[in-house]
Every structure is written in structure tokens, then in C-alpha cells.
Amino acid sequence: MKLEGRKIYKGTAEGEAIVTKDGISFYGGVDPDTGKVVEVGHELEGQSITGKVLVFPTGKGSTVGSYTMYRMKKSNTAPVAIVNKQIDTIVAVGCIISEIPCVDKIDIEIIKTGQNIVVNGSEGIVEVK
Amino acid sequence: MNLTPEEQEMLDGKYGKATQKSMEILTTLGDIFDAEDMVEVTGVQIAGVSYANLGEAGLEWLTEMAEDGNVRVLTTLNPAGMDRENWQALGIDKEFAKNQNRAIEAFAKMGIITTCSCTPYLIGNAPHFGQHLAWAESSAVCYSNSVIGARTNREGGPSALASALTGKTPRYGYHLDKNRHGQVLVKVNAPVKGTDEFGVLGKIIGDKLFELGKNIPYITGIASASVEELKSFSASVATYGGTALFHMEAITPEYKMYPKPNEIIFEINQNNLDITRNELIDENIEIDFVSIGCPHASIHEIAKIAKLLEGKKVKKEFWITTARPTKKIADEAGYSKVIEDAGAKFAADTCCVVAPIKGRFKGIMVDSAKACYYGRAKNKFKVKIGTIEECIQEAIK
Numbered sequence: 001m002k003l004e005g006r007k008i009y010k011g012t013a014e015g016e017a018i019v020t021k022d023g024i025s026f027y028g029g030v031d032p033d034t035g036k037v038v039e040v041g042h043e044l045e046g047q048s049i050t051g052k053v054l055v056f057p058t059g060k061g062s063t064v065g066s067y068t069m070y071r072m073k074k075s076n077t078a079p080v081a082i083v084n085k086q087i088d089t090i091v092a093v094g095c096i097i098s099e100i101p102c103v104d105k106i107d108i109e110i111i112k113t114g115q116n117i118v119v120n121g122s123e124g125i126v127e128v129k
Numbered sequence: 130m131n132l133t134p135e136e137q138e139m140l141d142g143k144y145g146k147a148t149q150k151s152m153e154i155l156t157t158l159g160d161i162f163d164a165e166d167m168v169e170v171t172g173v174q175i176a177g178v179s180y181a182n183l184g185e186a187g188l189e190w191l192t193e194m195a196e197d198g199n200v201r202v203l204t205t206l207n208p209a210g211m212d213r214e215n216w217q218a219l220g221i222d223k224e225f226a227k228n229q230n231r232a233i234e235a236f237a238k239m240g241i242i243t244t245c246s247c248t249p250y251l252i253g254n255a256p257h258f259g260q261h262l263a264w265a266e267s268s269a270v271c272y273s274n275s276v277i278g279a280r281t282n283r284e285g286g287p288s289a290l291a292s293a294l295t296g297k298t299p300r301y302g303y304h305l306d307k308n309r310h311g312q313v314l315v316k317v318n319a320p321v322k323g324t325d326e327f328g329v330l331g332k333i334i335g336d337k338l339f340e341l342g343k344n345i346p347y348i349t350g351i352a353s354a355s356v357e358e359l360k361s362f363s364a365s366v367a368t369y370g371g372t373a374l375f376h377m378e379a380i381t382p383e384y385k386m387y388p389k390p391n392e393i394i395f396e397i398n399q400n401n402l403d404i405t406r407n408e409l410i411d412e413n414i415e416i417d418f419v420s421i422g423c424p425h426a427s428i429h430e431i432a433k434i435a436k437l438l439e440g441k442k443v444k445k446e447f448w449i450t451t452a453r454p455t456k457k458i459a460d461e462a463g464y465s466k467v468i469e470d471a472g473a474k475f476a477a478d479t480c481c482v483v484a485p486i487k488g489r490f491k492g493i494m495v496d497s498a499k500a501c502y503y504g505r506a507k508n509k510f511k512v513k514i515g516t517i518e519e520c521i522q523e524a525i526k
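Those sequence lines, one after another, are chains A and B. For the first sequence, position 77 matches number 77 in the working numbering, and the numbering has no gaps at all. For the second sequence, position 164 matches number 293 in the working numbering, and the numbering has no gaps at all.
Since the hints were made in silico from the structure, they are not lab data. Fair warning: there could be bad hints in the mix.
What the hints assert, rightly or not - If we take Cβ atoms under 7 angstroms as the criterion, some of the chain B residues that face chain A in the derived model are: (1) I161; (2) E165; (3) N182; (4) G187; (5) A195; (6) N199; (7) G285.
What the hints assert, rightly or not - Ranges of calculated distance between the beta carbons of each label pair, as one might list FRET restraints: (8) B/N215 / A/E127: 56 to 62 angstroms; (9) B/K507 / A/G46: 24 to 30 angstroms; (10) B/E519 / A/Q86: 41 to 47 angstroms.
What the hints assert, rightly or not - Quick list of in silico lysine to any residue cross-link-like pairs, SDA-like style, CA-CA up to 25 angstroms: (11) A/K74 / B/G145; (12) B/K513 / B/N400; (13) A/K60 / B/G342; (14) B/K337 / B/E392; (15) B/K509 / A/K21; (16) A/K7 / B/Y301; (17) B/K307 / B/A379; (18) A/K21 / B/N413; (19) B/K146 / A/G28; (20) B/K507 / A/K10; (21) A/K10 / B/E189.
No residue lacks a Cβ here, since even glycine has one placed at the ideal position from N, Cα and C.
Looking at chain A on its own, in the form it has when it is part of the complex (with noise of 0.2 angstroms):
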């Protein structure tokens, strides 16, 4: 299934899908050291988005949040790729400075967690296999 949106940030990267209807703060939301969701009452809290296509509606919270994304690739702790149904100023500058492929204006609700997908950047496509 191929899913059409917006291309946010160039690439393509594959991986396991892990979604969430809550939005996301990097900054405090976030621990960049083991990549696991730390905001207490959110979705995902306790579990780890490293290596994986994080799939969640917009970003919120403090503008630091692009650098803890900027640290998290360099800590090899970043999710491979980002999928929004909106994206938000901190998480587009995030992807582009850590250079993660990201797309947005997706229907997220039809992906699933654990579902294999593609990220395509550039073209702006999210493909789930």
C-alpha cells in the first residue's frame, strides 16, 4: 500500500513502524541517550523509537527539541525515518539537521505498529509492505 503525502526531508529508509496518536516533545519528551520516550502519561512512555519509523500526528514543546534529534543520530539513538499527519517547525528543522527522511500529510491512522514500511523523502511516499 502506498500512501501519497508531502516530502519534508530527503531519503529513504525502511524499518518497523511505531505509532502513536499523541504528539511528541523531544525536548524533556524524549531521553536522547537511550531513545526512549520519558514523558510520563504519554503513548509510547518507556518504550524506544531508535532504529524504527516513528509515526505520530505533529511535534510540540521547547525549539531545543531539533537539537535532541540532532543528538539522538549522532548517538545512533534516532528513529530512521518520520512520519506526520502536520508537521511542526521544530521537528522539520530537527530532520534536516540530523538529515532524517521525513514526510507529512499522511493518513496515520492506517499504519499500524510493527508494520514494516518505507520512507521515501524525496518523493514524499510512505509505502507500507
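Since chain A is already given, all that's left is putting chain B on it; use the hints.
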């Protein structure tokens, strides 16, 4: 987006890696916000300077950008996590100081003027009416859009740096006339005076806008307002409401340019001011720290503090946070000596919002509603707002 040949070359990497990365950031933001093209900016203010906020990751990114990045326009810097000269006396540890200096050096290498102040408009990054900017620092964004009538969106650290290295920003949001109209009519039916009270007013309006999901207030009923009062108001309304632009009848330059909003009307009486002031005074507060200068104190405020402190001794930790150039004027004028003889301390380049002082004090007294917010949220202090005179009284008590 429509790019000029030069902008396309920046994106293609002709001007080096940092410029290319910058153009990638700007074109992506432009696409997200449906900008048709880029606009040239005349000045940039960069936030995300304190090492406490940047962390090693942010610093690494800056270092990478500084390898071949150079600013194309006047660019100044937000406060750092410490006074660059006086950090030891203010209790900052050595390791932090070392890392903070690494960050400032990376900015300097790119040709950024390391002013380390949240009031660029008081110290030489002073735009005029209608100029396009790419400013971070929410209080300065609000001041420049509203009080000066310049045009900027609320930038983050990386996007502001991207504009500094390219001289451009995508044309959307507050750069366009159609997005600068007042949305909510705010009638103020009580006299408002002093930096503290303008901060209280900013909280009332900011909270209300947030609740309404609106951005731009059109405020009536303010008889007069000083630069310092508008500085305090801008910081407060931006902190509590995320506001980047307000119009104030007969005070700000664009109040006649767009129709006065008449659909949503919100009135503020003396009672509202009193209630909100009380919200900024914590119960059972034990004050052991007094700080003035959020946003950074002007020379006018420092002169006033010097007069109030002359011949007195402070009994509590007392910081005056300001821009280093302002501090130098205070040195020349003799105010610094009077203030320091009284036992108060200058903390230039930094402020009580970004310095790593969490847990060092129990209760802070300030004249700023913005400082109350961050004192509580970030530093876990109890807070109390008061006039500058009341702050001094508390410090010498």
C-alpha cells in the same frame, strides 16, 4: 517556492555546506507555510545560546555550521548562561563556563556579534519601521513587531541562524500585511503604570488570547507607555500568550493601518489587574533573591536603581541583569559603583531565566511577569512580583 538564481545556488551548495544547510531549512519552512518566495532580512537575533539549553548536541551542530558559515547581515545573540567576565562571583561552575565559552566562540567564528542580550533593540541591532527581520527571542520579536513596526516571525535558534548565513527568510506569517490585523479588541479600563503592572497586563491578555486561540490583540485605554513598560509588556504577553504582535491605540505605529477588531471584545478592569497580580505572588514565600532586568535592564532603569540604592546596603542576593554595552554605560556614568558599593551585583550577558541557578534560591522577587513564569517553571522558586521600588525595599530589608 520561487527562488532567485542566487538562492538556488545556495541550495545547490555553491556557497558551502553551512549556507546549503541553511537554505534547506528555509526552503522547507517556506514550503510548510506556503511562502511564495524569500524576503531579504536586514537583521537577525539568535536564541539558544545558553549551554544549559543547547547541550552538547546543539554545540556540535553550531561547531559544524561554523566550519564554513559566515553571516551576511547584522546578527546579534541572546543571553548566555553566565556573565562572561564575572561568572565565578555569581556561582557558575568551571565546567559550565568552559562549555558556554565554546558555544559563544562558535557563534563569533561565524561573524555574529556576541552581545548576549535579549534587548538587541537597545544596543545597536535597532531596526526601523517596516524592515524584515529573522529574530528569535520571543520578547524581542514582540517588541520589534509591535513597538517598532518591523516584521518578523518567531524564529527558533536554527532558523534564525539559517537567515543570518543567507540573509533571507521565507515570506509568510508576520511578513505579510494580511497577517498583521488585530483580532481581539482589549479595552483596558484602569490606569496601568510601571514595568510590573505592564507585566501583569501582559499576563491577563496573554492568558486570554491563549484561551481564545487568537494571536493579535488591539489594546485601547493605555494613556502612555515608556520603552521599559513596553519591553516588560512584550515579554509577558509573549510568555503567557505566545503573542508576537500587538497593536496599542495611539502608542504603536500600526494601530491605524488595519481595521479595529469588533467581533471579539475583552475588557480589563482594576479587579482583573489585582487578581492577576496576586497570581504572581506565591503564598509563604521566603525571599532570598531579588533580580531586576527581565528583559535586560535599560540604562534608564539602572540609573533609577542606582538612585534608590545610594548609601544603602542590600541584605539579600541581588542581581541586575543587563546587556554588557549597557553595563559599560553604567560604569562610565558612575551608576555601577553606587550599585556595587551597596552590595548588589551585575550579571551582564545572562539573566535569571537562562543561568543554571535551579535550586540555588528559595524565593525570588522581581518586577517582571516573565521572570515569574520561568522562576516557577524552570528554577522551582517561589515568586513575588513588585515595583522596582518594592524590589529594592525587599533587598535592603
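Any hints from earlier that this structure breaks? Give me their numbers in increasing order, please. 2, 5, 6, 15, 18, 19 and 20
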